[in-house]
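> The listed protein sequences derive, respectively, from chains A and B. So in this note's numbering, spot 59 of the first sequence is number 59, and the numbers just go up one at a time. So in this note's numbering, spot 102 of the second sequence is number 102, and the numbers just go up one at a time.
For the record, the hints were derived by calculation from the structure and aren't laboratory data. Beta carbons: idealized from backbone N, C-alpha and C, even for Gly. Misleading hints may appear alongside valid ones.
25 Å max Cα-Cα, derived DSS-like pairs, lysine-lysine [as the list claims (entries may be wrong)]:
hint, chain 1, residue 1, chain 2, residue 2
1, B, Lys63, B, Lys19
2, B, Lys63, A, Lys17
3, B, Lys104, B, Lys75
4, B, Lys23, B, Lys63
5, B, Lys19, A, Lys33
6, B, Lys23, B, Lys154
7, B, Lys75, B, Lys63
8, A, Lys17, B, Lys104
9, B, Lys19, B, Lys75
10, B, Lys154, A, Lys17
11, B, Lys156, B, Lys146
12, B, Lys146, B, Lys63
Rough simulated footprint, nothing fancy, chain B against chain A, three-plus residues with beta-carbon under 8 Å [what the hints assert, rightly or not]:
hint, region
13, 1-9
14, 16-30
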Amino acid sequence: MNAEQAEWIEEFEAAAKRSLEERLRYAFIHTYKPVLDDEPYRSFDTTAEYRRWCEENLPSWLGYGRTV
Amino acid sequence: MAARFEYRQAQELSAALHKNRVKYLFIGKSGAILLGFPDTTQDADLFVERSPENGRAVVAALKELGFPLTAAHEKDIVRGKDFVQLRYGPFDLDLVFAPDGIEKFADAERRALTVEGMRVCHIDDIIRSKEATGRVKDRESLPRLKAFRDWWMKQKRD
């Protein structure tokens with residue numbers, strides 16, 4: 001196990017000691033995601049269509065593009 | 001911008017879904033977080049069984065929670081479009097009717113867990129789904145999520 005993995009285990013163990021209420025308080029954050037958050041509602045007939053829309057419309061740094 | 005998803009909202013969402021007998025499972029990072037994975041996310045993701053009856057139940061639950069669904073949006077949900085993104089309710093919510101990497105809702109339902117009344121996909125299904133998306137953000141988060149899976153399984157065994 002490397003140092004990063006050991007740190008992850010510490011984080012998992014620390015989280016396990018917190019209540020669900022506390023964990024959710026830390027987990028759900030609200031940051032503005034350009035384009036993605038600009039419309040109140042979107043729907044896609046297929047998941048493939050949604051993935052394609054993400055790739056073609058969202059800034060690449062958001063990470064919604066595919067690796068292959 | 002909607003309020004962030006908090007414990008109270010998770011409870012209210014869960015109560016509304018159960019009251020309306022919705023067949024659903026938390027999936028994605030929000031599901032992993034409910035299982036104990038320490039990370040951050042913005043919205044809740046629900047894997048919803050695709051059927052007109054279940055779609056109508058989802059619509060009823062969301063309306064009770066204050067999502068201002070239009071007739072067209074209700075139709076999308078009842079029809080079970082693969083992906084519906086709601087950014088106009090009390091919190092941000094994605095409805096996923098056909099997640100990558102999971103063939104059938106019933107299969108995921110058999111493996112699912114209940115966390116404080118909320119139905120959550122098994123961590124293996126969450127990982128399988130993220131692997132199948134092939135997205136950059138998922139690829140980057142998978143090593144830590146898989147480490148959590150191993151740690152979590154060990155806790156369950158011990």
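> Please list, smallest to largest, the hint numbers that this structure does not respect.
Hint check: 2, 5, 6, 8 and 12 fail, others pass.
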